[in-house]
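Asker: Could you slot chain Z onto chain C? The hints should help.
Protein chains in written order, with the UniProt record's numbering: chain C, 1 to 187; chain Z, 1 to 302.
No lab work stands behind these hints, which were simulated from the structure alone.
No residue lacks a Cβ here, since even glycine has one placed at the ideal position from N, Cα and C.
Careful: at least some of the hints might be erroneous.
[To be verified] Pairwise CB distance ranges, derived in the manner of DEER restraints:
1) Z:C302 to C:A164: 27 to 33 Å
2) C:A164 to Z:Q254: 29 to 35 Å
3) Z:E17 to C:A13: 29 to 35 Å
4) C:E62 to Z:D5: 30 to 36 Å
5) Z:G237 to C:R10: 46 to 52 Å
6) C:R82 to Z:K251: 49 to 55 Å
7) Z:S89 to C:V111: 36 to 42 Å
8) C:R16 to Z:A156: 40 to 46 Å
9) Z:E17 to C:V111: 17 to 23 Å
10) Z:D15 to C:A100: 20 to 26 Å
11) Z:G237 to C:A100: 38 to 44 Å
12) Z:A256 to C:E172: 34 to 40 Å
13) Z:E239 to C:E62: 56 to 62 Å
14) C:A13 to Z:R163: 54 to 60 Å
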Amino acid sequence: MTDISGLMERSHAERRFRALFDTHRRLVLGYALRRVDEPADAADVVAETFLVAWRKLGDVPEGEAARAWLLGVARRVLANQRRGERRRTGLADRLAAELAVTMPAEPEDDVVRRALARLTEDDRELLLLAGWEGLTPSEIAVATGTLAVTVRSRLHRARRRLRAELTALGWEGDPATVRSIAQETVA
Amino acid sequence: MSLDDTLRRADPITDSELAALPLDTFEAELRESILARPVRRRPTPPRRRLIPLAGALVASALTAFLLLLPGGGRDDRAWAAELVRVAESVPRLLVGDWKVTRADQFDVGMGEMDFTDGARTVQLSWRKGDPQPQKDGILAWEQDGYALELRGEASAEARAELRSVSVDEWLAAMPASVVQPSESDKVVDAMLEDMNPPPGFDRTALDFSGAPRDRYQLGAAVVAEVACGWIKLWVEGGEKERAEAVVELRKVQQSAVLAEMAKQGHYHEVLGQYVDALAGDGTVVGGKVLSVEESYKDALGC
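Next up, chain C with everything else stripped away, as it sits in the complex (with noise of 0.2 Å):
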């Protein structure tokens, strides 16, 4: 490879990162603030994410699949961090400076948030990929690294336990009346 090619390679990797990571970087950083305790942990979630995406950014699929990639990716880096594996790159300690002091205190006691920590983490991290990340089975199967018709059952037998243990605490939705999600439930 001459100077020049490899220099227009590099120029061409470094605008697609940046447009990868411009669309997308709210996205992880909201992945990672769900389930970090500390804000500032989420910080360190991004930076690991799109340095795998950076090194691997021919592996990454074009357009909106980008998604469900790097948040497997994610998912990843969040498993490996709470395994007490967290890679100290030392790239977002600005980033996670300022989330400390951004990001409000949650509060602690909500019934929906026990009823979810009763739960297998395969389940809640699939309601919570449906739910509140807003992924169709088909991307929640690319970053669990399963099939989508294996996906579209347990999310429904997910959905089941989850309404059990919210009745259990109490809840006062009415199961009867629960709508499914078309693109959540199917199974």
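Answerer: What follows is chain Z alone, placed relative to chain C:
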């Protein structure tokens, strides 16, 4: 308030709140810092296969299982080496002499089974990895690299009766609701009996003879193949085709397999939403208003 609304309202940060966070400067700084990192880029790999490697391994193992099960009999098994390897990698546990009532979600590294002693039911699940912290009413422990959980009122009693079994005994404990590979074609044909195939219907798409399937999941696949074809006709057709599609989808709604599935799950409700939408204004109301065209494939598993 519906379950979906309740879950959404519990979202600690909404999209609009996220978008409003004053972090642009810090994010731009992070972006440029990442770009400054050296990278040795690999060439773009070829498109991934649709089936993940792990899934392919199970599929091939189960295909081999089929080949070694002439007539689909449950006796005198000689399991294929690949299947044995997959089955040996999971904790094969049964609860005393309790009956397995549901067994699915099998993947390499995870699975679930429901057991009953006739009066009580417990659910056993396993997944590769570390166990979650102990929670009320759930027994969780680690075994051979798997996180196991037992749920249900009799979980402590069931835990005491857990026994490790052979591949043969474990697979033989699968409930009757699991459609065996050799029966798949016959079952699919029976499910199709009271539905009319849409234009372009491809029966071979329902060739599941390679792997055992839960009967509900098999039913969902069959109904989806038919219903999706009719909906496609509605989407692409004129007034006449649209009217025909609605009539045919009403027949699908009345099918025996959907009636059977209605006792176990919600597929019929989702299909009902779409049939009503096709007969109405072409939109489906769930968490938000969606057009049939943009949402039916995801919703129905087309």
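Asker: All hints, please: hold or fail.
Answerer: For each hint, the structure was consulted:
For the pair Z:C302 and C:A164, the beta carbons lie near 30 Å from each other, so the given range of 27 to 33 Å is met. For the pair C:A164 and Z:Q254, the beta carbons lie near 31 Å from each other, so the given range of 29 to 35 Å is met. For the hinted restraint 29 to 35 Å between Z:E17 and C:A13, the CB-CB distance of approximately 32 Å keeps it satisfied. Range check, C:E62 to Z:D5: about 34 Å between beta-carbon atoms, so the 30 to 36 Å window is met.
Take Z:G237 and C:R10: their Cβ atoms lie about 50 Å apart, and the range 46 to 52 Å holds. C:R82 and Z:K251 have their C-beta atoms about 50 Å apart, which keeps the hinted 49 to 55 Å range intact. Between Z:S89 and C:V111 the Cβ separation comes to about 39 Å, which falls inside the hinted range of 36 to 42 Å. As the Cβ distance of C:R16 to Z:A156 is approximately 55 Å, the hint placing it in 40 to 46 Å is violated.
Take Z:E17 and C:V111: their Cβ atoms lie about 21 Å apart, and the range 17 to 23 Å holds. For Z:D15 and C:A100, the hinted distance range of 20 to 26 Å is satisfied, since their beta carbons lie about 22 Å from each other. Range check, Z:G237 to C:A100: Cβ separation about 57 Å, and the 38 to 44 Å hint is violated. Checked against the hint of 34 to 40 Å, the pair Z:A256 and C:E172 passes, with Cβ atoms roughly 38 Å apart.
Taking the beta carbon of each, Z:E239 and C:E62 are about 37 Å apart, not inside 56 to 62 Å as hinted. Against the hinted window of 54 to 60 Å, the Cβ-Cβ separation of C:A13 and Z:R163 comes to about 56 Å, which satisfies the hint.
Hints 8, 11 and 13 from the earlier list are contradicted by this structure; the remaining hints agree with it.
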